[in-house]
Amino acid sequence: MQTYDLEANGLRGLNATLQSQSTETNQTSWEVVNPKGSHAIAVGLDAPIEVTVKGSTGYYCAGMNQQATIKVEGSVGPGVAENMMSGQVIVDGDASQYAGATGKGGLLVIKGNASSRCGISMKGIDIVVHGDIGHMSAFMAQAGNLVVCGDAGDALGDSLYEARLFVRGSVKSLGADCVEKEMRPEHLEILKDLLDRAGADSSPEEFKRYGSARQLYNFDVDNAATY
Amino acid sequence: MCGIVGLFLKDQSLAPQLGNMLTDMLITMTDRGPDSAGIAIYGEESGGATKVTLQSPNPKEDFAGLAEELGQHLGAVVSQTDNDTHTVLDVPAGHFEAARATLAEIRPSVQIMSRGEMLEIYKEVGLPKDVAARFDISSMSGTHGIGHTRMATESAVTTMGAHPFNTGPDQCLVHNGSLSNHNSLRRKLRREGVVIQTENDTEVGAAYLTWKMMNGASLGEALESSLEDLDGFFTFVVGTKDGFGVVRDPIACKPAVMAETDQYVAFGSEYRALVNLPGIEDARVWEPEPATVYFWSHNDSPTTTEKAA
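One line per chain: the protein sequences are V and P, in this order.
Letter by letter, the first sequence follows residues 1 to 227 in my numbering.
Letter by letter, the second sequence follows residues 1 to 309 in my numbering.
Keep in mind that the hints were calculated from the coordinates and are not lab data.
Misleading hints may appear alongside valid ones.
Unchecked claim - 27 Å max Cα-Cα, derived BS3-like pairs, lysine-lysine:
| # | chain 1 | residue 1 | chain 2 | residue 2 |
| --- | --- | --- | --- | --- |
| 1 | V | K36 | P | K10 |
| 2 | V | K172 | V | K192 |
| 3 | V | K36 | P | K129 |
| 4 | P | K60 | V | K36 |
| 5 | V | K192 | V | K71 |
| 6 | V | K172 | P | K254 |
| 7 | P | K254 | V | K123 |
| 8 | P | K254 | V | K111 |
| 9 | V | K104 | P | K10 |
For clarity, every value in this text was computed on a predicted model and none was experimentally measured.
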């Protein structure tokens, strides 16, 4: 286990060190102490390492992640795991605005609540929120899965493309072109897998599925495989 | 951008450290706005007199013998405490409007920063650390206070364009965001007799709340109606003689974090601003909901009054 004191040694040193780990590194386990709400902690990583942040962070934690598993033992500010490509980001506390925005892959788990615009423009990432999410979540979401074990706020899935939205609790309102859809066996399977991997104990049968009514954009069934 | 900090003490044993804690919080927010900074402190009650905080670009000339001269005009005893470009006058109750009129005559370059029984506002162009140092904010004590560091968008970078804004007795407001209907609202409020000194959008927000309260609304009610009547982006933190409130517009893109312990309620634009507060590790930390009014008062039992608008 390597320990990095962010307060003593600075942000650039942390990210340069973590970014320089190759896929064959022996230093697979890192601990970041004294994060004190700092921005851009553990961004741009591209190695199968495990990073644990011992406290709450500010903006853009774990952005652009590839391969790494980043765990935050606290809450995160706006834009956690933005544009994630692969790997995992796990937040023990709450997440502020636009968690997992534009993510293309990997798994983001938020054990508390996420606020507004969670999963905005997501492009393939999987997001599991144990608590509630705020308004305008999954706005223009293109691909991937957003799983919410609590409630969703206003205008869920506005202008949605082909992302799947699963909500266990209530939805305050659906956004334009977002509708409730039938939960088929393949969806229950996807959901079960995500809930297991996210350590959520909800049962897939308790969820409802929401998706695009495909009235707002030029959907052609011949292109369905692209999503 | 802009950075906001606020601290409302439940445990008055922390009162001597209020200025120090607020200064530390505000300096942490410097990179959210380096144009100008200001702090509103609710300190010792003046025992019925009105504390009038003044600012002058020429403090030496303007503040020399000011209390005495003003007192002669008013036929009352006025005292003054100078602090760099600011001075705090103690004007006997009932003389404020006369004092304002007299000041405009005898000291035309002097600006009124605030008035009230407890409130003092110190603000200037410059970085939070420099502004806080020149007024020695760290040494000030009080029951609650609000700080702001500005990245100007809607009006010029001047002392008068800095936050907090005071438009009624012991009321102050700071703002992160921008209002888009401030011109029409300013005209309307001026017609109603509310004094608005600048072309700044935030001052209109403050004046709006003052006007609502002049017409019988509580601060909580005024904040709720602001959600209807103000157009634009805002996270507001407001102070009154015994209270402290927070409201965000329904879009809520301007950041806000709150923390509450048995000792205090704290506000920061970012969590970074709160990390050095005592007991923050065990505080309840949350993001205030959009279009929801939060209010704490020393008058009530110290509990959250949350009401969906």
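Hints, verified against the model:
A C-alpha spacing of about 24 Å is found between K36 (chain V) and K10 (chain P), which places the hinted pair at or below 27 Å, so the restraint holds. Straight-line distance between C-alpha atoms of K172 (chain V) and K192 (chain V) comes to about 24 Å, which keeps the hinted pair within the 27 Å bound. Between K36 (chain V) and K129 (chain P), the direct Cα distance comes to roughly 20 Å. Compliance with the 27 Å bound is thereby established for this hinted pair. This hinted pair does not check out: K60 (chain P) and K36 (chain V) have alpha carbons roughly 43 Å apart, beyond 27 Å.
Taking the CA atoms of K192 (chain V) and K71 (chain V), the gap is about 22 Å. The hint holds against a cut of 27 Å. This hinted pair checks out: K172 (chain V) and K254 (chain P) have alpha carbons roughly 22 Å apart, not beyond 27 Å. Using a Cα cut-off of 27 Å, the hinted pair K254 (chain P) and K123 (chain V) holds, with the two alpha carbons roughly 25 Å apart. Proposed proximity of K254 (chain P) and K111 (chain V) is supported: the alpha carbons are some 24 Å apart, at most 27 Å.
Distance restraint check for K104 (chain V) and K10 (chain P): the Cα-Cα separation of roughly 46 Å exceeds the 27 Å cut-off, and the hinted pair is therefore not satisfied.
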